[in-house]
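Take the sequence shown: its letter number 18 is residue 1332 in this note's numbering, and every next letter is one higher.
Take the hints with a grain of salt, since some may be wrong.
[Unchecked claim] List time: in silico EDC-like cross-link candidates among lysine to aspartate or glutamate, alpha-carbon distance up to 16 Å:
hint : residue 1 : residue 2
1    : K1368     : E1396
2    : K1394     : E1379
3    : K1401     : E1365
[What the hints assert, rightly or not] Per label pair, the in silico range of CB-to-CB distance:
hint : residue 1 : residue 2 : range
4    : S1430     : Y1360     : 18 to 28 Å
5    : F1408     : N1457     : 35 to 45 Å
6    : E1405     : N1457     : 28 to 38 Å
7    : A1384     : N1469     : 16 to 26 Å
8    : K1368     : F1478     : 10 to 20 Å
9    : E1365     : G1343     : 13 to 23 Å
10   : Q1487     : E1344     : 26 to 36 Å
11   : N1457     : K1364     : 28 to 38 Å
12   : E1399     : P1421     : 34 to 44 Å
13   : D1404     : G1431     : 29 to 39 Å
14   : Y1400     : Y1366     : 18 to 28 Å
15   : E1423     : K1393     : 24 to 34 Å
16   : P1421     : K1470     : 28 to 38 Å
17   : E1365     : N1441     : 26 to 36 Å
No wet-lab data here; the hints were simulated from the structure.
Glycine included, each C-beta is placed from N, C-alpha and C at the ideal position.
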Amino acid sequence: MTLKNYIFFWGVIITMMVGNPIAAQESAGEKEYALKAAFLYRFIDYVNWKEYSKNQTFKIAILEESPITASLQGTPKTKKIEIKEYKNLDEISFCNILFVPYNSTIPIETILSKFSGKPVLIVTERNGNGKKGAHMNFVIVDNKLKFEVNLKAINKAGIGISSFLLQHAIIVQ
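Using the sequences plus the hints, can you model the full thing?
This is how it looks when you write it as structure tokens:
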């Protein structure tokens, strides 16, 4: 093997070793948001909203930017569902589900205050938000995606949740 081929061979090996972890992380992030999107769609079937008719368009609002938007839009829909990102809280007038991403700059307390007593399911993905009053909060436990449910907050919002969904949830107070 000539020196030129030797250097080329090791250059390719090093490039592959360095490039793959990055690709793996991106792939893992995409898979996580695809799974979160699937959970959100399943929540629709197991949560009951006051004054919501199955004939209405179901609205999912994403506060600020999040990779979940692409995952939600890429998932086949069996219902009339509108998915929209909002830059700030004031732009949101009505939605059935409000997804608050991990990197949201708006404090959870402000979000909860705006939707207090309204039948809006607030779903977050930051540790501790379930205990702070978010209705549902995605968490990673033992490398598995799980979700917390704050029953007190859900009841206060006038939203019903099926016992089937609660069997799979981590209940927080």
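- Which numbered hints does this structure break? Hints 2, 3, 7, 9, 12, 13 and 16 not satisfied by this model.
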